[in-house]
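K.L.:
Residues per chain, in single letters:
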Amino acid sequence: MKKFINDVENVENEMLEGIVLAHPEYVARLEGFDVLVRADKKVGKVALVSGGGSGHEPSHGGFVGTGMLDGAVAGSVFTSPTPDQVFEAIKAVDAGEGVLLVIKNYTGDIMNFEMAAELAEAEGIKVANVVTNDDVAVEDSLYTTGRRGVAGTVFVHKIAGAKAETGASLDDVKAVAQKVIANVRTMGVALKPCTVPAAGKPGFELTEEEMELGIGIHGEPGTERKPIQTADQIVDYLMERILNDMNPAAGDEVAVMINGAGATPPMELYILNRRVQQILADKGIKVFKTFVGDFMTSIDMAGASITLLKLDDELKDLLLAKADTIGFKMY
Amino acid sequence: MATKADVLDFIRVYADKMAEHRQELTDYDQAIGDGDHGINMSRGFKAVMEKLPTVEEKNIDDILKAVGMTLVSTVGGASGPLYGTAFMKAGAAVKGKEELSNEDILLALDEAVGGIQFRGKAVEGEKTILDSMIPAINAIKASLADGKTMAEALVAGESAAWNGVEYTKTIIATKGRASYLGERSIGHQDPGATSMAYAFQAINEVAQKAGN
Numbered sequence: 001m002k003k004f005i006n007d008v009e010n011v012e013n014e015m016l017e018g019i020v021l022a023h024p025e026y027v028a029r030l031e032g033f034d035v036l037v038r039a040d041k042k043v044g045k046v047a048l049v050s051g052g053g054s055g056h057e058p059s060h061g062g063f064v065g066t067g068m069l070d071g072a073v074a075g076s077v078f079t080s081p082t083p084d085q086v087f088e089a090i091k092a093v094d095a096g097e098g099v100l101l102v103i104k105n106y107t108g109d110i111m112n113f114e115m116a117a118e119l120a121e122a123e124g125i126k127v128a129n130v131v132t133n134d135d136v137a138v139e140d141s142l143y144t145t146g147r148r149g150v151a152g153t154v155f156v157h158k159i160a161g162a163k164a165e166t167g168a169s170l171d172d173v174k175a176v177a178q179k180v181i182a183n184v185r186t187m188g189v190a191l192k193p194c195t196v197p198a199a200g201k202p203g204f205e206l207t208e209e210e211m212e213l214g215i216g217i218h219g220e221p222g223t224e225r226k227p228i229q230t231a232d233q234i235v236d237y238l239m240e241r242i243l244n245d246m247n248p249a250a251g252d253e254v255a256v257m258i259n260g261a262g263a264t265p266p267m268e269l270y271i272l273n274r275r276v277q278q279i280l281a282d283k284g285i286k287v288f289k290t291f292v293g294d295f296m297t298s299i300d301m302a303g304a305s306i307t308l309l310k311l312d313d314e315l316k317d318l319l320l321a322k323a324d325t326i327g328f329k330m331y
Numbered sequence: 001m002a003t004k005a006d007v008l009d010f011i012r013v014y015a016d017k018m019a020e021h022r023q024e025l026t027d028y029d030q031a032i033g034d035g036d037h038g039i040n041m042s043r044g045f046k047a048v049m050e051k052l053p054t055v056e057e058k059n060i061d062d063i064l065k066a067v068g069m070t071l072v073s074t075v076g077g078a079s080g081p082l083y084g085t086a087f088m089k090a091g092a093a094v095k096g097k098e099e100l101s102n103e104d105i106l107l108a109l110d111e112a113v114g115g116i117q118f119r120g121k122a123v124e125g126e127k128t129i130l131d132s133m134i135p136a137i138n139a140i141k142a143s144l145a146d147g148k149t150m151a152e153a154l155v156a157g158e159s160a161a162w163n164g165v166e167y168t169k170t171i172i173a174t175k176g177r178a179s180y181l182g183e184r185s186i187g188h189q190d191p192g193a194t195s196m197a198y199a200f201q202a203i204n205e206v207a208q209k210a211g212n
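Line by line, the protein sequences give chains S and V. If you use the numbering used here, the first sequence corresponds to residues 1 to 331, in order. If you use the numbering used here, the second sequence corresponds to residues 1 to 212, in order.
In silico lysine to aspartate or glutamate, EDC-like type, Cα no more than 16 Å apart, as pairs:
1) K283(S) with D245(S)
2) K95(V) with E57(V)
3) K121(V) with E114(S)
4) K201(S) with E24(V)
5) K283(S) with D252(S)
6) K141(V) with E152(V)
7) K226(S) with E209(S)
8) K141(V) with D110(V)
9) K286(S) with D313(S)
10) K46(V) with E9(S)
11) K283(S) with E253(S)
12) K201(S) with D27(V)
What the simulated footprint calls covered on chain V by chain S, stretch by stretch (three residues with Cβ under 8 Å from a Cβ of chain S suffice, anywhere in the stretch; the number is not a length):
13) 34-48
14) 72-84
15) 177-191
Some chain S residues near chain V, calculated using beta-carbon distances under 10 Å:
16) F78
17) T79
18) P81
19) Q85
20) Y106
21) G108
22) M111
23) E114
24) D135
25) A137
26) G146
27) A199
28) G216
Treat the hints as calculated values from the structure; they're not laboratory data. The beta carbon of each residue, even a glycine, is placed where N, CA and C say it ideally should be.
Start from the sequences and build out the full structure, keeping to the hints where you can.
P.N.:
Pasting the structure below:
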């Protein structure tokens with residue numbers, strides 16, 4: 001393992017220190033906790049809290065700020081934060097209008113956030129939650145824990161965050177978050193695995209000639225392992241699954257996110273995007289807005305994911321509303 | 001029966017096992033999960049060992065609850081809420097007890113497994129912690145009903161726990177991250193069932209040493 005770290009035990013803590021030192025105008029750290037909150041607490045609105053294991057930067061601390069999150073809780077690498085940490089975040093950001101928890105669909109995240117919500121409700125704080133599950137690589141059935149929450153979660157942060165900024169009620173913010181969740185689909189691919197610092201070795205193995213299609217953001221196996229193909233062929237595979245699941249009609253409008261997994265150069269992400277746009281144009285699907293970059297990474301994984309969000313007028317307005325955070329800006 | 005010293009001994013022995021088997025549990029988890037079970041459990045029990053001196057003068061229920069709270073706040077993932085809830089529920093079941101009768105021990109185990117089922121919304125046969133825990137508890141109860149001593153029953157309990165671990169190799173995971181693998185999860189043992197089997201191993205070792 002070759003990484004810029006000092007001590008595997010301090011990776012998360014030293015990263016958070018570095019983030020606050022770099023961006024004090026955006027975020028502050030809750031003293032004694034692994035929680036980032038807005039540098040200036042916004043009152044008179046519903047507050048949004050998200051979080052999860054570390055290693056997905058800029059998710060989630062990078063989306064704390066105007067028009068997106070009010071607080072982000074960082075667990076150990078790829079490990080859900082604990083209920084006491086989430087509870088502190090909820091207490092810190094609540095401005096009396098209630099708190100929406102945006103949880104990615106993982107067993108641990110749900111249990112820890114639910115325990116935190118129980119603690120907060122016991123103190124009289126209004127809490128609601130939504131669970132993102134945009135990964136079409138996982139079959140959603142009684143026999144799985146359900147689809148994983150992956151890069152599409154960032155659209156939930158953006159749009160529900162914009163809704164909260166308008167002064168909407170907790171119910172209304174939750175409803176628009178649910179609308180995004182119902183309309184967003186993602187699928188990913190890995191070319192090289194990632195290494196959790198504390199584990200010291202890659203979480204899985206891929207040869208120079210292999211790729212894992214449908215990879216999860218923690219390196220969980222996907223649908224298929226295949227010999228590497230061209231960028232266009234890989235996009236065709238992923239887009240077929242996403243579009244089959246989403247079933248958009250010609251004339252529909254979508255937002256596109258081409259997300260890097262942490263060790264994929266922008267050059268390659270743009271090559272993937274080129275083909276995504278060709279496919280959508282061929283199908284008569286209008287691209288309203290495209291985002292290319294690292295939004296939901298997997299430490300040092302080489303890979304990418306494609307996310308499509310089907311839009312209506314409300315979602316379009318909220319997508320274009322002002323956002324100013326470390327990792328996502330809209331003016 | 002078990003004295004407070006036995007309970008403290010169990011916690012220490014189990015903590016040692018989580019440190020000793022850190023890599024093994026992590027390896028099982030890398031095969032079908034996210035590869036951190038041993039890391040998280042050993043981190044949690046290291047914190048438990050730091051906490052223990054501050055609570056060991058208290059009642060058994062307070063000690064178990066402190067262990068549970070410490071696990072919830074340090075383990076993370078799914079294991080933190082599950083193991084934490086188990087210890088907290090076990091503690092609540094034996095409130096005010098200076099020492100535990102066999103009935104108290106069974107009640108604590110039943111409450112612990114109930115807590116795990118509530119928090120994890122799982123049942124037996126889904127390739128989880130429950131697949132070693134439920135057979136172990138059932139074996140302990142059956143042995144006692146046959147007139148065996150608690151020490152003999154705990155031998156049977158540990159044995160059933162490891163059989164449960166073996167059983168997890170044959171079934172498909174339908175809960176947790178391993179469920180994404182579907183049939184590909186067959187052939188691998190469940191890391192959570194394994195760490196739970198070490199709990200019954202620890203209980204058994206303490207009972208044999210205590211001779212009761």
